[in-house]
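Visitor: Could you build all of it, start to finish, from the sequences and the hints given here?
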Amino acid sequence: MVRIIHELPQRLRLRLASRPEDLARASTAVRRAPGVTAVRINPGCAALTAAYDGLPQTRAKILALAANPPAGAAPWEQPESSDRHTLILTAASLFVSMMAPRPLAAAVTFVNVAGTILRGAAAATHGLKVEVLDALAIGLPTLRGEYVTANFTRFLVALAAYIESTTVERSDELLRSLLRQQPADVWVKRESGELERIPFAQLRGGEHVAVGVGETIPVDGEIIEGDAYVDQAAVTGESLPIPRAPGDVALAGGIITDGRLVIRADRVGDSTTTGRITRYIQEALERPAEIQSVSDAMADRRVGITLASAAGVLALTRDWRRLESVLMVDYSCTVKLGTPIALKSAMYRAARQGCLVKSGQAIEILAGVDTVVFDKTGTLTQNTLDVTDICPLRPDVDEDLAVAIVASLGEHTAHPIARAIVDLAQQRHLAHIPHEEVNFIVGHGVEGAVNGETVCFGSRHFLEDDEHISFAPQRALAAKLRAEGKSLLFAAQENRPLAVFALRDSLRAEALSTLSRLRALGVKRLVMITGDHRAKAIAFGDALGMDDVFYEQQPEDKARIIGELMAKGARVAYIGDGVNDGPALMAADVGVAMPRAADIARATADIVLIEDRLDSLATMLEVSQQTMRLIRSNFRVAVGANTAILIGAVAGLLPARVTATLHNGATIAVLIRSLLSNRVPTGSALIALPGQREPQRLGDKTGEQNEASVAV
1 MVRIIHELPQ
11 RLRLRLASRP
21 EDLARASTAV
31 RRAPGVTAVR
41 INPGCAALTA
51 AYDGLPQTRA
61 KILALAANPP
71 AGAAPWEQPE
81 SSDRHTLILT
91 AASLFVSMMA
101 PRPLAAAVTF
111 VNVAGTILRG
121 AAAATHGLKV
131 EVLDALAIGL
141 PTLRGEYVTA
151 NFTRFLVALA
161 AYIESTTVER
171 SDELLRSLLR
181 QQPADVWVKR
191 ESGELERIPF
201 AQLRGGEHVA
211 VGVGETIPVD
221 GEIIEGDAYV
231 DQAAVTGESL
241 PIPRAPGDVA
251 LAGGIITDGR
261 LVIRADRVGD
271 STTTGRITRY
281 IQEALERPAE
291 IQSVSDAMAD
301 RRVGITLASA
311 AGVLALTRDW
321 RRLESVLMVD
331 YSCTVKLGTP
341 IALKSAMYRA
351 ARQGCLVKSG
361 QAIEILAGVD
371 TVVFDKTGTL
381 TQNTLDVTDI
391 CPLRPDVDED
401 LAVAIVASLG
411 EHTAHPIARA
421 IVDLAQQRHL
431 AHIPHEEVNF
441 IVGHGVEGAV
451 NGETVCFGSR
461 HFLEDDEHIS
471 FAPQRALAAK
481 LRAEGKSLLF
491 AAQENRPLAV
501 FALRDSLRAE
511 ALSTLSRLRA
521 LGVKRLVMIT
531 GDHRAKAIAF
541 GDALGMDDVF
551 YEQQPEDKAR
561 IIGELMAKGA
571 RVAYIGDGVN
581 DGPALMAADV
591 GVAMPRAADI
601 ARATADIVLI
611 EDRLDSLATM
621 LEVSQQTMRL
631 IRSNFRVAVG
641 ANTAILIGAV
651 AGLLPARVTA
661 TLHNGATIAV
671 LIRSLLSNRV
681 PTGSALIALP
691 GQREPQRLGD
701 KTGEQNEASV
711 AV
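For the sequence shown, the positions run 1 to 712 when the numbering used here is used.
These are calculated hints, taken from the structure and not from any lab test. All values derive from a computational prediction rather than experimental measurement. Glycine included, C-beta positions come from ideal geometry on N, C-alpha and C. Among these hints, one or two may not hold up.
In silico SDA-like links for lysine to any residue, alpha-carbon gap of 20 Å or less [as the list claims (entries may be wrong)]: (1) K189 <-> A107; (2) K358 <-> Q625; (3) K524 <-> G545; (4) K480 <-> R460; (5) K524 <-> D547; (6) K189 <-> I117; (7) K61 <-> V2.
Simulated restraints on C-beta separations [stated by the list, open to error]: (8) L8 <-> A509: 22 to 32 Å; (9) T643 <-> R144: 49 to 59 Å; (10) G312 <-> E611: 26 to 36 Å; (11) D22 <-> R144: 45 to 55 Å; (12) D542 <-> A308: 52 to 62 Å; (13) S633 <-> M566: 23 to 33 Å.
Guide: In structure tokens:
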């Protein structure tokens, strides 16, 4: 069964309900069909894309071969891009036209430009498009014997196509390889209590899956046995490993950092959290592009002017030489060549400023963005914690002593909260306090003996409920600190409260100035999405002056929120760094990934920041806006100059050679102007942060606030 996903005059994208080997066999058969110029397959989506000559009989042949490929069609691996072969051939043709005798140059040129002229003729049946003037821009100098000009123009068109297709192919291939990744085997606990290792594909709902330290949770389901810390940053975006115990829900994609769990497999395979992420990405890959290139749109609107003027001149004057002069005025030539150079110059500038842009279209879209959505963890923060408050609870204990006691035990655990205390002790050059054996209570905290006295620290639940040490007098203090979005660590010594520590995600130093620059550049709405609980998320958003804060969100919620914003007319850029950000990056108008982002985030993003600095985003927006202003300015210059030349040609004041000289001169001027745009802009001055606005309280959910993040 074959379904048409998307169709253009010379392009078909099909969905095949078949096995991978059938998809490969179909691609081989379609590739060999007459009139087919290129074929690409996407095994992750069971999709086949074919470029062809636009003829109805070729289209019918593609559909027939895709539905029923011949049995003898051997499976075919994705070949090198046909655009590369075309680029090499056009470069060779250009060299021959410059060096070979004229008869040979003529023959080579006619072969080289034939495809472009045929595509222009096919496009003309669907309206006046830039492809029509591409054919004229290349065909006319060919007919006039200007073979070097014809081949050079053809080479530039081929170069642009090659750069675009290469970027798409490489990013798609990386994405496909990631989507195929699944655990090879899982451990299943049988009713007898024995563990059996089975292939992941044989796992069924209801079975009990055992997961140990360092292993990735393969299913969604309820925890039946065990206690563990689970790093869910790749799934929910939570910055700290969270404790999980029987009765809690485990999500596929989380990694056990400490402890062991037995999970009932409520959802397996495609129905799990990571499976849904994969499905969103596949759907996004099938979604056709909704925006036409600015340069093509501008040129398309002017195609009729040249053709109408030529027809009018011929009808009124019967002067073929005047007709020739008019046809030499090609609006699209200046726009078609100047725009990609301006975009490539912008990509060069962006790279020097710490941004990798995958396509010119990303620059085009980013320039019009009015809403920027941030994932919190790893984007606005540094994935580390800062100790903000140290509250000693005994008169004989000061801050340094409290830090030294906890750090002496905490240095034996890799938990982020404990590491933050240890780092603070090192910064203050506090002496290590000798201690005895340290015990780790998974999901609760740490206990040990320092100078012969029992010391324990962790969550309030651990100290009050398990160790029976009351922190009732400090509940008002704890509530105040939690309301400020801070994580808490409670410490006790000899069954008496010792201290309360408050910690907060380490905000990027450049975060505030970046948000300020974004507003100055015209961004109207700043939004943060996080898996953190309500109090922590809102406090963090308040500190940054976010317009909207969405908290306690699951991975699929991010793409949904972005879709809702876009449905209201917003032009959305999303910036994130995790596996869970893949659907959101593809759902947004333009996706931006941090440099340390997961492979899937970098594969799906339109822009990847090379340097680990958030202000590169503001610089990228500035570059894109400057580039689009340049393109529009070039368009006005090109239209003005060519209109003046066209009037002179129509009036018979300019012969063909003069018309060609002036037209090419205008084109060269625009090209030089575009090339000069690669100068790196000077650093923008930091702008004072505007008055902070109260974020909307979005995504409110009932239930007790999650204190899991405070346990060590």
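Visitor: Next, verify each hint and record whether it holds.
Guide: Going through the hints against the structure:
no. : hint                      : result
1   : K189 <-> A107             : 74 Å, violated
2   : K358 <-> Q625             : 17 Å, holds
3   : K524 <-> G545             : 12 Å, holds
4   : K480 <-> R460             : 15 Å, holds
5   : K524 <-> D547             : 9 Å, holds
6   : K189 <-> I117             : 67 Å, violated
7   : K61 <-> V2                : 13 Å, holds
8   : L8 <-> A509: 22 to 32 Å   : 47 Å, violated
9   : T643 <-> R144: 49 to 59 Å : 23 Å, violated
10  : G312 <-> E611: 26 to 36 Å : 56 Å, violated
11  : D22 <-> R144: 45 to 55 Å  : 50 Å, holds
12  : D542 <-> A308: 52 to 62 Å : 60 Å, holds
13  : S633 <-> M566: 23 to 33 Å : 29 Å, holds
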